[in-house]
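With the hints as your guide, set chains G and A onto chain F.
Residue numbers (this note's numbering), protein chains in the order written: chain F, 1 to 293; chain G, 1 to 317; chain A, 1 to 521.
Treat the hints loosely; a few may be bogus.
[What the hints assert, rightly or not] Now the stretches of chain G that chain F is said to cover, found in silico as 3 or more residues with beta-carbon under 8 Å:
no., segment
1, 8 to 20
2, 76 to 82
[What the hints assert, rightly or not] What follows is a list of derived Cβ distance ranges for each label pair:
no., chain 1, residue 1, chain 2, residue 2, range
3, G, Asp58, A, Thr467, 49 to 59 Å
4, A, Ala296, F, Asp67, 48 to 58 Å
5, F, Pro34, A, Gly393, 44 to 54 Å
6, G, Pro86, A, Gln505, 52 to 62 Å
[Claimed, not checked] Interface residues of chain F toward chain A, partial, derived using beta-carbon atoms under 8 Å:
no., residue
7, Leu56
8, Gly59
9, Asp62
10, Gln64
11, Arg66
12, Glu82
13, Ser198
14, Gly237
15, Pro242
16, Pro243
17, Ala255
18, Arg256
If you are wondering where the hints come from, they were derived from the structure by calculation, not from laboratory data.
Just so we're clear, the structure is a prediction, and the values are computed from it rather than from any experiment.
Built from N, CA and C at the ideal position, the CB exists for glycine as well.
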Amino acid sequence: MTAIDEKPAPGRMSPPLRGGRAGLARYSRALRTPRGAAGAILLLVLVTLAVAAPLLFPGGYDVQSRDALALPTWSAPFGTDEVGRNVFVRAVYGTRTDLSLVAIAVPIAAVVGTLLGLLGIVNRTAGNLAQRFLDLIMGFPSLVLGICVTLVLGPGWPALVLAMTIYALPAFGRLARATLLSQENRDYVSAARMLGVSRSRIMGRHILPHTLDTMVAQMVVAAVASIYLESSLSIVGLGVQPPEPSLGVLLNNGARYMEDQPFYVLGPALVLFLLVLGFSLLADAVTDKGNKA
Amino acid sequence: MLTYLVRRLPSVAFLLVATSIVAFALPRLTPGDPAIAVAGPDASPETLELIRHEMGLDRPPIAQYFAWVGGILTGNLGMSFTTSRPVAELIGSRLASTLELAIVAGVLMVVIGIALGVATATTRRPLVRAVLDAANSALLAAPPFLTGLFLILLLGIFVPILPISGEVSLFEDPIIGIQYLILPALALALPQAASIGRLVATSMRTTAEEDFVDLATAKGVSRSRIVRRHILRNSMGPALVTIGLRFGELLAGAIVIEAIFARHGLGSLAVTSVQTRDYLVIQVLILGAVAIAVLMQVLTDIGVAALDPRIRLGASA
Amino acid sequence: MTRPTSGARRAMRWARGAAAATAVAVALTGCAVAQADAGGPAAPSADPVEGGTLQVAAAADAQPQFAMANRAGNWSWRRLVFDSLIQLDSDSQPQAVLATEWSYNDDRTELTLTLRDDVNYHSGRPFTADDVVYSLEQVKLPANASQLAGVAKNIETVTATSDTEVVIDLAAPSDSLFDLLDLTPIVDSETWASIADGKEVIGTGPFTWDEWVPGASLVLQKNDAYWAEDGPYLDEVDISIISDPTALQSAIKGGAADVAIGMAQSDVLRLADDPAYVLENAGGVFYPFGIDVEQAPFNTPEARQALGYAIDRERISDQVFGGDAILTDLWWTPGSPGYPTELEQHFSYDPAKAQKLLESSGAAGAQLTITYANLPVMKSLFEIVQNNLAEVGLNVTGEALDLPDYDKRQVDGKIGQSFLLLHGMVGFSSATLIDAMPSIRAGNPSHFDTPEYSGLKDAVRAADDSTREEALTELSEYMLDQSFSHIIAVAPQYHVHTAALQGLQVVSLGSLVATGAYLSE
Chain F
1 MTAIDEKPAP
11 GRMSPPLRGG
21 RAGLARYSRA
31 LRTPRGAAGA
41 ILLLVLVTLA
51 VAAPLLFPGG
61 YDVQSRDALA
71 LPTWSAPFGT
81 DEVGRNVFVR
91 AVYGTRTDLS
101 LVAIAVPIAA
111 VVGTLLGLLG
121 IVNRTAGNLA
131 QRFLDLIMGF
141 PSLVLGICVT
151 LVLGPGWPAL
161 VLAMTIYALP
171 AFGRLARATL
181 LSQENRDYVS
191 AARMLGVSRS
201 RIMGRHILPH
211 TLDTMVAQMV
221 VAAVASIYLE
231 SSLSIVGLGV
241 QPPEPSLGVL
251 LNNGARYMED
261 QPFYVLGPAL
271 VLFLLVLGFS
281 LLADAVTDKG
291 NKA
Chain G
1 MLTYLVRRLP
11 SVAFLLVATS
21 IVAFALPRLT
31 PGDPAIAVAG
41 PDASPETLEL
51 IRHEMGLDRP
61 PIAQYFAWVG
71 GILTGNLGMS
81 FTTSRPVAEL
91 IGSRLASTLE
101 LAIVAGVLMV
111 VIGIALGVAT
121 ATTRRPLVRA
131 VLDAANSALL
141 AAPPFLTGLF
151 LILLLGIFVP
161 ILPISGEVSL
171 FEDPIIGIQY
181 LILPALALAL
191 PQAASIGRLV
201 ATSMRTTAEE
211 DFVDLATAKG
221 VSRSRIVRRH
231 ILRNSMGPAL
241 VTIGLRFGEL
251 LAGAIVIEAI
261 FARHGLGSLA
271 VTSVQTRDYL
281 VIQVLILGAV
291 AIAVLMQVLT
301 DIGVAALDPR
311 IRLGASA
Chain A
1 MTRPTSGARR
11 AMRWARGAAA
21 ATAVAVALTG
31 CAVAQADAGG
41 PAAPSADPVE
51 GGTLQVAAAA
61 DAQPQFAMAN
71 RAGNWSWRRL
81 VFDSLIQLDS
91 DSQPQAVLAT
101 EWSYNDDRTE
111 LTLTLRDDVN
121 YHSGRPFTAD
131 DVVYSLEQVK
141 LPANASQLAG
151 VAKNIETVTA
161 TSDTEVVIDL
171 AAPSDSLFDL
181 LDLTPIVDSE
191 TWASIADGKE
201 VIGTGPFTWD
211 EWVPGASLVL
221 QKNDAYWAED
231 GPYLDEVDIS
241 IISDPTALQS
251 AIKGGAADVA
261 IGMAQSDVLR
271 LADDPAYVLE
281 NAGGVFYPFG
291 IDVEQAPFNT
301 PEARQALGYA
311 IDRERISDQV
321 FGGDAILTDL
331 WWTPGSPGYP
341 TELEQHFSYD
351 PAKAQKLLES
361 SGAAGAQLTI
371 TYANLPVMKS
381 LFEIVQNNLA
391 EVGLNVTGEA
401 LDLPDYDKRQ
411 VDGKIGQSFL
421 LLHGMVGFSS
431 ATLIDAMPSI
441 RAGNPSHFDT
451 PEYSGLKDAV
461 RAADDSTREE
471 ALTELSEYML
481 DQSFSHIIAV
491 APQYHVHTAA
501 LQGLQVVSLG
511 SLVATGAYLS
521 E
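Here chain F stands alone, though its shape is the one from the complex (with noise of 0.2 Å):
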C-alpha cells in the first residue's frame, strides 16, 4: 500500500531544500498536474459530501423503514439496506465516519511517530530505543493489536482511534529516521555543526523540511491503512458500533446480501475505492512521482 522505499535510494543526492514560499510552490505545482488535480476533485467531492452530510441528510443515518434490501431508486441511489434504511445516506455519513477518525489519529500518528523517528539527533541511545519499540509494534499482528486495545477500552471511537494511532506510528517513524541518516552526514549538516548550530536547530531548520514530502504521501498511505483497519475490525465486530455506520461496516454487512441486492456492497465500495484513489492520486502528485511519466 506505499510506495514509499524504506531506504533512501542509491545515487540520488538531493540539496538541501529550501522552506517557505519554494515549499509552497511545489505543491501549488503538484495541484497542477493532472492527477493531483483528479486526485484534489476527487477528495474535495468526498469531504464535502461528508462534512455536509448533517445538512443535506438532517434524518440521520438510522432511519428504518419497512422497506428492506430494495434495489436503487432515485431518491436511493444505492438502494435499502436489511433495515430499510437508505444506504447512499449511510455511505456518506460513513465516509464522515472514517474520515473523521482518520483525521484525528493520522496526524496525531505523524507528529508522534516523527518525533520518535528523529530522537536519534538529541540522543543516540534514545533513538535506538525508539526505533526498536516501532519495530515492536510494527511486527505485532494489525488486527490483534486492534482486537485487544478495543478490548481493553471497550469498542467505540477512543479505542479505534488509539488503535489506528499505534498502528500508523512505525511507519512515520522509520521514514523519518531513514530521512535523518541519509542527511546527518551530509556536508551541509557537518558544516552547520561546526558552525556550532544546535542540535534542535539542525533537526528544525536542515532535516525536516525533507521528512515533510514523504511524511505528507505517508500520511495518505496511514489513512487508507486506517481506514482498512477499522473494516476489519467491523468483521470481528468491533469496529465503530450499531447503529452508526461506517464504509467497512457498510461492506461486511452488505456483503451477506450480495445477491440480493448488490448495490449495497457495490454502492460503498465504489465510494471507498474513489476515497483511496483521489487520497492515492494527490499523494503521487506530490512526491513527484507523477510528474516523471
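Only chains G and A this time, still in chain F's reference frame:
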C-alpha cells in the same frame, strides 16, 4: 555479514523481551475471565476458585510471566485454556494452512507485482500505460476482503470453477489443494502486487535516467537487455525491501481472508483466542509474529546489501 | 529512445504463455476439479446406500465437556457419539432408544425403566444400568452445565435394580422428567472425567469420536458394532467449523458441505424454495429483551410495559428472520400442552401508547443501555430495537460483549440495565422452561423475584393435564403485567442439507441423528 548479525543481536533480544511483556500484559487487560469460560457461567464460586488455581491464574502476575517465559525457553509453550490442548499442538495443526496461503500469495504477489511494474515502466503506448495505471490504482484501493468477496461471487458462484470454502492441504493432494488456494491467495496478493508494481515502475523510471543507461543505449545495447541487466537489477533494492514489508502485510491480511474462505489457519486461531481470552495461545502467537517480522527485516537487509554493494550492512540499523 | 519497447510485450507474452501452460497442464493431467457438482437434485434412492462420507459445516465448535448441555457446538455430533434413554418424537411422545419400556407408579413419583442388554461402549465395555445411574447423577453437577439440572435436582435417587433395570425416585411428580431423559446422553463413567481435552470421547452411539482439531474440524467414524439393525450406513462424518456466516453459506451452496448447521435465518430461507436443499426444523430460539427491575426509572411495571408496546415485532420477524418468526409474547413453546393462545398477542406495536406510559411512569426521555452478545443476529436485533426505542424518545446506548465478558457479568449477577438474550429452548415443556430458561428462572438477570412469582411457578411445576392450562395462564398474565422480560421473537431454527442426503433426523432441540442417514448419489 557475521559481524553484522552479532551487532544486531542485542537489539533483537531486547525487542523480543519487550514483546513478551506486551504480549503477556495486553490480553490480561481485556475484560472477562477465562476461568468462567471453562467452568461455565453456572459454576459456584468454589468451583471457579478451583479452576483458577488449576490454570495458575491465582498466582501473582509476575510469577505467571516468568513461569511462561521459562516455559518458552525450555520448549513448553503452555496449555490452551479453552481446549485443554498444548498450545504447540494447536499452532502446529494450523501452521501448514497459513504457510501454504502465505507462500502461494507471496509468490503471486512478487510475480504479478514485478510483471505489472515492468509493463508499466517499459510500455511506450500511452493508452496501455493509462490502463495499467488504472488497474494498479484499482488494486491498491481494494482491500483483500473486498477482493476476496468479489472473487467468491465471480469465480465461485456465478461461474463456478473454483471452490470458495474450506481447504485441502497441499501435502495431501497438491492438485486439489492448489484449487482451494487460488482464490484466497489471489485476494491477498493483488493489493500488495499493485504496491510492488508501482514501486518497481517508479524505481525503474528513475534508474532509466541514470548516466550508465544512456551509455549503454549509445553503445547499441538492445533495449530488452538494458531493461533486464541494468535497470531491473538496480531497481530491485528498494523493491526487495518493499517485498519484505508487503509480506508482513500479507500475513496481517491473512486473518480476514481465512475467515471469508473458511480456512483454519493461524489468523483465525488468533482472533478466536482473543475472543475466548485464551491467554497463552495469544501470547505465543504475538511473540511468534514479531519474531518472524524481525527475521524478515534481517533477511531483507542482507538481501539488499547483496544486490547493491554500495550499501553497507548496518548503515541504517 | 527509438524502437518500441519489447519489455512490455515480453511481460505480456510471458503472462499469456503461463496461462496457456497452466490450462494445458490441467487438461493433460485430467486432474480432479475441486468444485463440487452443484448441479440439480439427484433422484433420491429409496433404499439406503452403504458408505460415503458426510460433510457437515457447523458454525460453533464442539465442546465435549458440555455434552450434557444443549449447546450449538454439540448438535452435530452429540447423538452420533452418544445415545439417550429415549427420544421424544414430534408429538412429544417418548420413543425407545437405550430404554425399551418404562412405567410410572400410581402417584407418579417413581419411574421404572427397562434397558437393552446388547449395547457396548466404543471401548468394548458393556453398557449397564450403572451407567444410567452415573449419567443422571452427573446432570445435577453445575460443572456439566445441563439446562435441566433443576429438573434433575428433583430426583431423589436413581437405583440400578439389575443390569437392565433402573428405578428413578422423584421428590415430587414432575412434568419435565421425559425432557430430561431425552436430552441426557448416557456417558462412559470411565472416561467422562477427562473428556474436556477431547482425546477420548466414548459413548454407545452409531459413530465413534475419531479426531478433533479444536476450532477447526471433527472426524467421526462408523461404529460397526452398533446395536441397531438398520444403520449406520455412512462410513465417516467430517465436521468443519465455519463461524463466518458468509463462508458458512458458501460452504453448502458451493457443495463443500452436505449439511449446514447455524446458518443465519435469512440465508436459510433463501434456500427454502430450492428443490436441491431441504430444511429440517431444529427447534427454535427465544429472543427475550430483559430489564433489570432494580434500576430506575424502569423499576416500575408501567415503564417496562411501555417498552413492550414500543417494539415492532413484525418488522423484526420480517427483517431479521425473513418473516419466519412466530409472533408471540409468551415464553413457552408455541403449541405445547396448556399454551395460553389468547395471551399470545398481548402487546401490539403502539408507539403512542408506549410514549404515554413512559410519561406517566416518569421514564420519558430516559437513558437506556442495552447489552448484547457480539453475534450477527443479536446485532441485527439491536439495530431494530434501538431504533424503535429511540422513536419513543429514549436515549439508547448499545454495549456489545464477547462471550467471556458476558459470562463473567452473568456470574457476577450484573449483565446490565437491559439486555438482549437468546435461549435455544423451543421444544421444552413449560414446566422445564420455568427452571431452565435463564431469563425467567430463579436468579434471573432481571433480578425479579417475588413470593407471588414463586407460588405461580410451583403450580406449573406440579401441574398435570387437567390443571396445566389454568396454572400457565395465571403465570403468564402475571409475567406480562410485570414485564421484566419481553419476548421479541421466537424464531424456528433450521438445519439445511442437500436433497441427496436421506434419512437424517433432527431431534432434541437441534441435535442430529444420523443412524439411518445415507447419501443417495
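- Hinted contact F:Ser198 with chain A - closest CB pair below 8 Å: It is violated, given that the least Cβ distance between F:Ser198 and chain A is near 49 Å, above 8 Å.
- Task: Using 8 Å as the Cβ threshold, decide whether F:Glu82 counts as touching chain A.
- Result: Constraint on F:Glu82 satisfied, holds at 6 Å.
- Query: Quick one, is the F:Arg66 hint okay against chain A at 8 Å, beta carbons?
  - Reply: Interface hint status for F:Arg66: holds (6 Å vs cutoff 8 Å).
- Should the hint that G:Pro86 and A:Gln505 are 52 to 62 Å apart at their CB atoms be regarded as holding? violated (37 Å)
- Can F:Gly59 be said to touch chain A, with a Cβ gap under 8 Å? For F:Gly59, the interface hint is violated, since the closest Cβ of chain A sits about 12 Å away, which is over 8 Å.
- Query: Would the stated hint for F:Gln64 survive a check requiring a Cβ distance to chain A of less than 8 Å?
  - Reply: Interface hint status for F:Gln64: holds (5 Å vs cutoff 8 Å).
- Item | Interface hint outcome for F:Gly237 [beta carbon to chain A under 8 Å] | holds (4 Å)
- F:Arg256 as chain A interface residue, shortest Cβ-Cβ below 8 Å: Holds, about 6 Å.
- Lying within 49 to 59 Å: is that true of the beta-carbon distance G:Asp58 to A:Thr467? holds (50 Å)
- Task: Go through the hint on F:Ala255 and say holds or violated, using the shortest Cβ distance to chain A against 8 Å.
- Result: Since chain A brings a Cβ to about 6 Å from F:Ala255, closer than 8 Å, the hint holds.
- Message: Using the nearest Cβ pair, does F:Pro242 come within less than 8 Å of chain A?
- Response: It holds, given that the least Cβ distance between F:Pro242 and chain A is near 5 Å, below 8 Å.
- Query: Taking the least C-beta to C-beta distance, is F:Asp62 closer than 8 Å to chain A?
  - Reply: holds (6 Å)
Violated hints for the displayed structure, listed by number in ascending order: 2, 4, 6, 7, 8, 13.
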